[in-house]
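Chains A and B, in that order, give the protein sequences. If you count by my numbering, then the first sequence holds residues 1 to 116, one letter each, in order. If you count by my numbering, then the second sequence holds residues 1 to 111, one letter each, in order.
Any given hint could be a false lead.
As a list, the in silico SDA-like pairs of lysine to any residue whose alpha-carbon atoms are at most 20 Å apart [as the list claims (entries may be wrong)]:
no. : chain 1 : residue 1 : chain 2 : residue 2
1   : A       : 14        : B       : 7
2   : B       : 57        : A       : 104
3   : A       : 41        : B       : 97
4   : A       : 41        : B       : 96
5   : A       : 14        : B       : 96
6   : A       : 41        : B       : 9
7   : B       : 57        : A       : 109
8   : A       : 41        : B       : 57
9   : A       : 55        : B       : 11
10  : A       : 41        : B       : 109
11  : A       : 41        : B       : 105
12  : B       : 81        : A       : 109
13  : A       : 41        : B       : 55
14  : A       : 41        : B       : 82
15  : A       : 14        : B       : 57
16  : A       : 41        : B       : 39
17  : A       : 41        : B       : 8
18  : A       : 41        : B       : 68
19  : B       : 57        : A       : 103
20  : A       : 14        : B       : 36
21  : A       : 41        : B       : 108
22  : A       : 41        : B       : 41
Rather than coming from a laboratory, the hints here were simulated on the basis of the structure.
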Amino acid sequence: GAVVSQHPSWVICKSGTSVKIECRSLDFQATTMFWYRQFPKQSLMLMATSNEGSKATYEQGVEKDKFLINHASLTLSTLTVTSAHPEDSSFYICSARDPGSTYEQYFGPGTRLTVT
Amino acid sequence: GQNIDQPTEMTATEGAIVQINCTYQTSGFNGLFWYQQHAGEAPTFLSYNVLDGLEEKGRFSSFLSRSKGYSYLLLKELQMKDSASYLCAVSGGYNDYKLSFGAGTTVTVRA
């Protein structure tokens, strides 16, 4: 199946700093990528839909100025958590839709963010 | 809005069968997915149903009834490695491919 990578796999940062997470589709071009957040023992919550060459679409309650998404190419989307706080500590997962597949999304391995 | 319900936890014995139910009420429906997720890892795709009926894939089967807003995932011949969280997800929009996830069912397989 298709492969999606994320970098870094884990990161620790101090309150007030910004962190960038990369999501790459390695063997296909993804016009659409999705960013999810998952707190411990909870399910995935969709944060935003990232479309190549256009602005991201954010879900209700997600601050677009805090979670900056850039989908500059067909294989790369980035999520920047700005002015991070401890409550932003979570597991961030991206997925990418393969246009060649009618329905399947491929998930990245996730990034564990800890804000101290 | 989207409302997707599944049991929180289930326990079964190695070699047994477990059925995980999922009920949904969504503003649209464009398919139902089941994913497996081990702790600290990303979800992996198990099955997709868009029409009513049973889809069988090896030890895993998934059933859908659109009129009842109901699906189940059947795991047969349970193995220890099947201990994981199983997520039910619904694609609600036509052409937007967004997924709404249930809270997940943690399955523990005991020897």
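The hints, checked one at a time:
1. For the hint linking residue 14 of chain A to residue 7 of chain B, the alpha-carbon distance of about 37 Å lies beyond 20 Å, and the restraint is violated.
2. With a CA separation close to 16 Å, the supplied pair residue 57 of chain B and residue 104 of chain A stays within the 20 Å bound.
3. In summary, the hint linking residue 41 of chain A to residue 97 of chain B is not supported, as the alpha carbons are separated by about 25 Å, beyond the 20 Å threshold.
4. Simply put, residue 41 of chain A and residue 96 of chain B have alpha-carbon atoms about 27 Å apart, too far for the 20 Å limit, and the pair is violated.
5. The suggested pairing of residue 14 of chain A with residue 96 of chain B is violated, with an alpha-carbon distance near 36 Å, which exceeds 20 Å.
6. The straight-line distance between the Cα atoms of residue 41 of chain A and residue 9 of chain B is roughly 11 Å, inside the 20 Å bound, and the hint therefore holds.
7. Distance check on the hinted pair: residue 57 of chain B and residue 109 of chain A sit about 24 Å apart at the alpha-carbon level, beyond 20 Å; violated.
8. For a cut-off of 20 Å, the pair hint linking residue 41 of chain A to residue 57 of chain B is broken: about 27 Å separates their Cα positions.
9. Distance check on the hinted pair: residue 55 of chain A and residue 11 of chain B sit about 44 Å apart at the alpha-carbon level, beyond 20 Å; violated.
10. Taking the CA atoms of residue 41 of chain A and residue 109 of chain B, the gap is near 18 Å; set against the 20 Å cutoff, the hint holds.
11. At most 20 Å may separate the alpha-carbon atoms for a hinted pair to count; residue 41 of chain A and residue 105 of chain B meet this at roughly 10 Å.
12. Restraint check: the Cα-Cα separation between residue 81 of chain B and residue 109 of chain A comes to about 18 Å, which is no more than 20 Å; the hinted pair holds.
13. Restraint check: the Cα-Cα separation between residue 41 of chain A and residue 55 of chain B comes to about 28 Å, which exceeds 20 Å; the hinted pair is violated.
14. Annotation: proposed proximity of residue 41 of chain A to residue 82 of chain B holds, straight-line Cα distance about 17 Å (limit 20 Å).
15. Between residue 14 of chain A and residue 57 of chain B the alpha-carbon distance is near 46 Å, which puts this suggested pair outside the 20 Å criterion.
16. Taken as a hint, the residue 41 of chain A and residue 39 of chain B pair is honoured in the structure, with Cα atoms around 9 Å apart against an allowance of 20 Å.
17. Between residue 41 of chain A and residue 8 of chain B the CA atoms are separated by roughly 10 Å; this keeps the pair inside 20 Å, and the hint holds.
18. Under the criterion of a C-alpha separation no larger than 20 Å, the hint pairing residue 41 of chain A with residue 68 of chain B is inconsistent with the structure, at around 28 Å.
19. A threshold of 20 Å between alpha carbons decides the hint, and for residue 57 of chain B with residue 103 of chain A the separation of about 17 Å falls inside it, so the pair holds.
20. About 32 Å separates the Cα atoms of residue 14 of chain A and residue 36 of chain B, which puts this hinted pair outside 20 Å; it is violated.
21. For the given pair, residue 41 of chain A sits about 14 Å from residue 108 of chain B by alpha-carbon distance, which is consistent with the 20 Å threshold.
22. Restraint check for residue 41 of chain A and residue 41 of chain B: satisfied, since their Cα atoms lie roughly 13 Å apart, inside the 20 Å limit.
The structure does not agree with the numbered hints 1, 3, 4, 5, 7, 8, 9, 13, 15, 18, 20 stated previously, though it agrees with the rest.
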